[in-house]
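There are 2 protein chains.
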Amino acid sequence: MAVGYNTISMGTGRPEFHPAKPRPGLEHYISEAGKAVIAGINQQGDLIDEAFIGNFQASLFNKQAHLGGFIPMIDPALAGKPAMRVEGACASGGLALASAIRSVLAGTGDVVLAMGVEVQNTLKAIYGADVLAAAGWYQKRKSGHAYFFPGQFSNRAGAYYERFGRDYTRKGLARWFKNAIENARLCPTAQEFENKVVDLEALALTEPNGKFFVDHLNVYDCSKVSDGASAILVLSEEGLKKCGINPEDAVEIAGWSQVARDITADPEDLTVMSATRLAVAKALKSAGISMNQVSTVETHDCFTIAGVLGVEAMGLAAHGQGAAFVADGATARDGVMPINTTGGLIGWGHPTGATGVHQAVTVWEQLTGKAGAAQIIINPDKPYALSINMGGDDVTVVAIVYKKNH
Amino acid sequence: MAVGYNTISMGTGRPEFHPAKPRPGLEHYISEAGKAVIAGINQQGDLIDEAFIGNFQASLFNKQAHLGGFIPMIDPALAGKPAMRVEGACASGGLALASAIRSVLAGTGDVVLAMGVEVQNTLKAIYGADVLAAAGWYQKRKSGHAYFFPGQFSNRAGAYYERFGRDYTRKGLARWFKNAIENARLCPTAQEFENKVVDLEALALTEPNGKFFVDHLNVYDCSKVSDGASAILVLSEEGLKKCGINPEDAVEIAGWSQVARDITADPEDLTVMSATRLAVAKALKSAGISMNQVSTVETHDCFTIAGVLGVEAMGLAAHGQGAAFVADGATARDGVMPINTTGGLIGWGHPTGATGVHQAVTVWEQLTGKAGAAQIIINPDKPYALSINMGGDDVTVVAIVYKKNH
Numbered sequence: 042m043a044v045g046y047n048t049i050s051m052g053t054g055r056p057e058f059h060p061a062k063p064r065p066g067l068e069h070y071i072s073e074a075g076k077a078v079i080a081g082i083n084q085q086g087d088l089i090d091e092a093f094i095g096n097f098q099a100s101l102f103n104k105q106a107h108l109g110g111f112i113p114m115i116d117p118a119l120a121g122k123p124a125m126r127v128e129g130a131c132a133s134g135g136l137a138l139a140s141a142i143r144s145v146l147a148g149t150g151d152v153v154l155a156m157g158v159e160v161q162n163t164l165k166a167i168y169g170a171d172v173l174a175a176a177g178w179y180q181k182r183k184s185g186h187a188y189f190f191p192g193q194f195s196n197r198a199g200a201y202y203e204r205f206g207r208d209y210t211r212k213g214l215a216r217w218f219k220n221a222i223e224n225a226r227l228c229p230t231a232q233e234f235e236n237k238v239v240d241l242e243a244l245a246l247t248e249p250n251g252k253f254f255v256d257h258l259n260v261y262d263c264s265k266v267s268d269g270a271s272a273i274l275v276l277s278e279e280g281l282k283k284c285g286i287n288p289e290d291a292v293e294i295a296g297w298s299q300v301a302r303d304i305t306a307d308p309e310d311l312t313v314m315s316a317t318r319l320a321v322a323k324a325l326k327s328a329g330i331s332m333n334q335v336s337t338v339e340t341h342d343c344f345t346i347a348g349v350l351g352v353e354a355m356g357l358a359a360h361g362q363g364a365a366f367v368a369d370g371a372t373a374r375d376g377v378m379p380i381n382t383t384g385g386l387i388g389w390g391h392p393t394g395a396t397g398v399h400q401a402v403t404v405w406e407q408l409t410g411k412a413g414a415a416q417i418i419i420n421p422d423k424p425y426a427l428s429i430n431m432g433g434d435d436v437t438v439v440a441i442v443y444k445k446n447h
Numbered sequence: 042m043a044v045g046y047n048t049i050s051m052g053t054g055r056p057e058f059h060p061a062k063p064r065p066g067l068e069h070y071i072s073e074a075g076k077a078v079i080a081g082i083n084q085q086g087d088l089i090d091e092a093f094i095g096n097f098q099a100s101l102f103n104k105q106a107h108l109g110g111f112i113p114m115i116d117p118a119l120a121g122k123p124a125m126r127v128e129g130a131c132a133s134g135g136l137a138l139a140s141a142i143r144s145v146l147a148g149t150g151d152v153v154l155a156m157g158v159e160v161q162n163t164l165k166a167i168y169g170a171d172v173l174a175a176a177g178w179y180q181k182r183k184s185g186h187a188y189f190f191p192g193q194f195s196n197r198a199g200a201y202y203e204r205f206g207r208d209y210t211r212k213g214l215a216r217w218f219k220n221a222i223e224n225a226r227l228c229p230t231a232q233e234f235e236n237k238v239v240d241l242e243a244l245a246l247t248e249p250n251g252k253f254f255v256d257h258l259n260v261y262d263c264s265k266v267s268d269g270a271s272a273i274l275v276l277s278e279e280g281l282k283k284c285g286i287n288p289e290d291a292v293e294i295a296g297w298s299q300v301a302r303d304i305t306a307d308p309e310d311l312t313v314m315s316a317t318r319l320a321v322a323k324a325l326k327s328a329g330i331s332m333n334q335v336s337t338v339e340t341h342d343c344f345t346i347a348g349v350l351g352v353e354a355m356g357l358a359a360h361g362q363g364a365a366f367v368a369d370g371a372t373a374r375d376g377v378m379p380i381n382t383t384g385g386l387i388g389w390g391h392p393t394g395a396t397g398v399h400q401a402v403t404v405w406e407q408l409t410g411k412a413g414a415a416q417i418i419i420n421p422d423k424p425y426a427l428s429i430n431m432g433g434d435d436v437t438v439v440a441i442v443y444k445k446n447h
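Heads up: the protein sequence lines correspond to chains A and B, in order. The numbering of the first sequence is this note's numbering, which starts it at 42 and goes up by one. The numbering of the second sequence is this note's numbering, which starts it at 42 and goes up by one.
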């Protein structure tokens, strides 16, 4: 995997963002990310064999489906080649990567473009919430919160508070927010890059208010509403050679998994993300490694509580101890397991269909020393990284294990 | 490929269909088709490794995205396995098949479920037309017909009339309609199964009226608005053995192609479907055969004119001679190349995201002698069949070549 690119994550918080002014559309983001990747292989677009584009809800946000048809718009060299949209709610980007991996394994592609895109600031938040609710079961939503997804994770947070202690948990969630913003401040494409708040933990501890939002989470517990695209190439050994990519500029995909949980079924235990746990276990097994060999993780923190439950799903902390693990700084950039080193969904942003690909780009940057001010040191004894991309409430999960070359 | 299943294509024309009464939803169709396939392998759902589900616009028709999450609902044995929605407008079903083929080639699956589903009678025709318009470029649509897609193909028909003669062409289109309905009358799941019209060609020659619909096509030139699902298994040799499927009950996938044309670009020549032509050529090349070895074709007749242009794209008739080829009966079930032997999109129905899979199921039935009253005789010297599934106006095309076993 090589030649990653992220557009800016555009939305509230970015100085370029004005809610009332015209903004770039889907076409712009697809084009920007695609052209950047082709520039990264010396304009040899003809070397790209296939393309997969992850997108969740352009049908509603942009009145546009059939996004595979925009791939040949990037570069005439892509005309006539296979291009396909894949969708699994907020795991759509991860599914684009999983599809690109299958393509390379199948031998149908040596050089495969995996892209994700979402342009969701076209709707006001409450209508946007309605659109995003389609990630869950529509029949269930009829009796759910107006803010359906925040409601689902608010329920998870409430269950966790009840079982393990409210103040204890909220300290962990507040630290998660602080880490996210501090990491985002190191990454120029991050939506929270220019966040200047001094006491982040105090802000994050603002009392949730169910009258205006949901019962157990506040807006700082939520990921951002973002426009953006990310793209990267998945390549065979032959593809790397064809493109003239140096091994030190690429990372190896060492293992991966893709899991689906029944969208119509309630989670057995609200304090456990069982599909995420299964996906991580399968991905590590597929790579033949344990979490002890992993240097950094990009995890799907659509909400702070999803970050904490993810830490437990990875086995970094026992059930109920994830909040303390985070509160103690273990997941900060100088902690034992740096997580979401460019801010994750809360700090970098969450252009839903692009997020899985953004995670892969961040991992690629970290393992090839291209992360700029956000760069962490990769311990040579731990040459692996992990990404976890989740769609819906722990329904579709794609987990990928990456290995640093050399 | 084996164990195919089609639900009824539900919509106007079916006696079970009442516009005002509650009808089965997405969940029902996914479940019916999925359970039927699992029943076909003696309830061994655990043997299915991966699943791909093609769907175009459930986001708008049913306020539901993330259809991969419904796969584990079919059977608990599917929980935790990879399941993904793929989308390329009306080629979504073909993309599910292409994905399943990649999965088998990649070795990630020996037994892979390819399904397609659409439930589109939830909206009135004019609103439905708006939803389906997302298959084309939204920016282009602003200046297009209210019935956007019929408008696009009306333009193609108009250009063909002008170049090759109006009466000449409309005779071919009328015969296309007649063949479609006659074939549908032989297939109990077809939407036009109970069509009793005596003079089909006369009906099809009704003058188009641009005041009420579009300039160059009438409603008989259009495919049906349908609810339905289709499913089939794509298997490796090992998968066939595991499932205990006899070779004579399976067909070989001998070749395939997937093509994308720039959705933002107008066709160079309205009387040519260039992406379809390219896809057919690539699929035949991939199978190492010519059209002379093909016994039957399932082609994407979203409109009668697409049927005629498809005939030319396959090289069955020269440019401008497709209408005569059809009018002469060459594509009828007793013609030199029987096309759409269960009625195609105009006769059987067009549950958009399911259509590509429905085509594969029909081919599988014909090549394994399971097509009932619709069965044609397969010439032993021509053991191949071809399917062509198109998304948008000749934008995404999946072509598959199948071979009869023995």
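Honestly, the hints are just simulated from the structure, not real lab data. A hint or two may mislead.
Copies of the same chain look alike in the list, so a pair counts if it fits in one copy or across any two.
[Claimed, not checked] Quick list of in silico lysine-lysine cross-link-like pairs, BS3-like style, CA-CA up to 25 Å:
| hint | residue 1 | residue 2 |
| --- | --- | --- |
| 1 | Lys104 | Lys165 |
| 2 | Lys212 | Lys283 |
| 3 | Lys122 | Lys62 |
| 4 | Lys62 | Lys237 |
From a predicted model like this one, the values you see are computed outputs, not experimental measurements.
Results for each hint:
no.: 1; hint: Lys104 / Lys165; verdict: both (15 Å within a copy, 18 Å between copies)
no.: 2; hint: Lys212 / Lys283; verdict: neither (50 Å within a copy, 52 Å between copies)
no.: 3; hint: Lys122 / Lys62; verdict: neither (36 Å within a copy, 44 Å between copies)
no.: 4; hint: Lys62 / Lys237; verdict: within (24 Å within a copy, 57 Å between copies)
Hint compliance for this structure: hints 2 and 3 are broken, all remaining hints hold.
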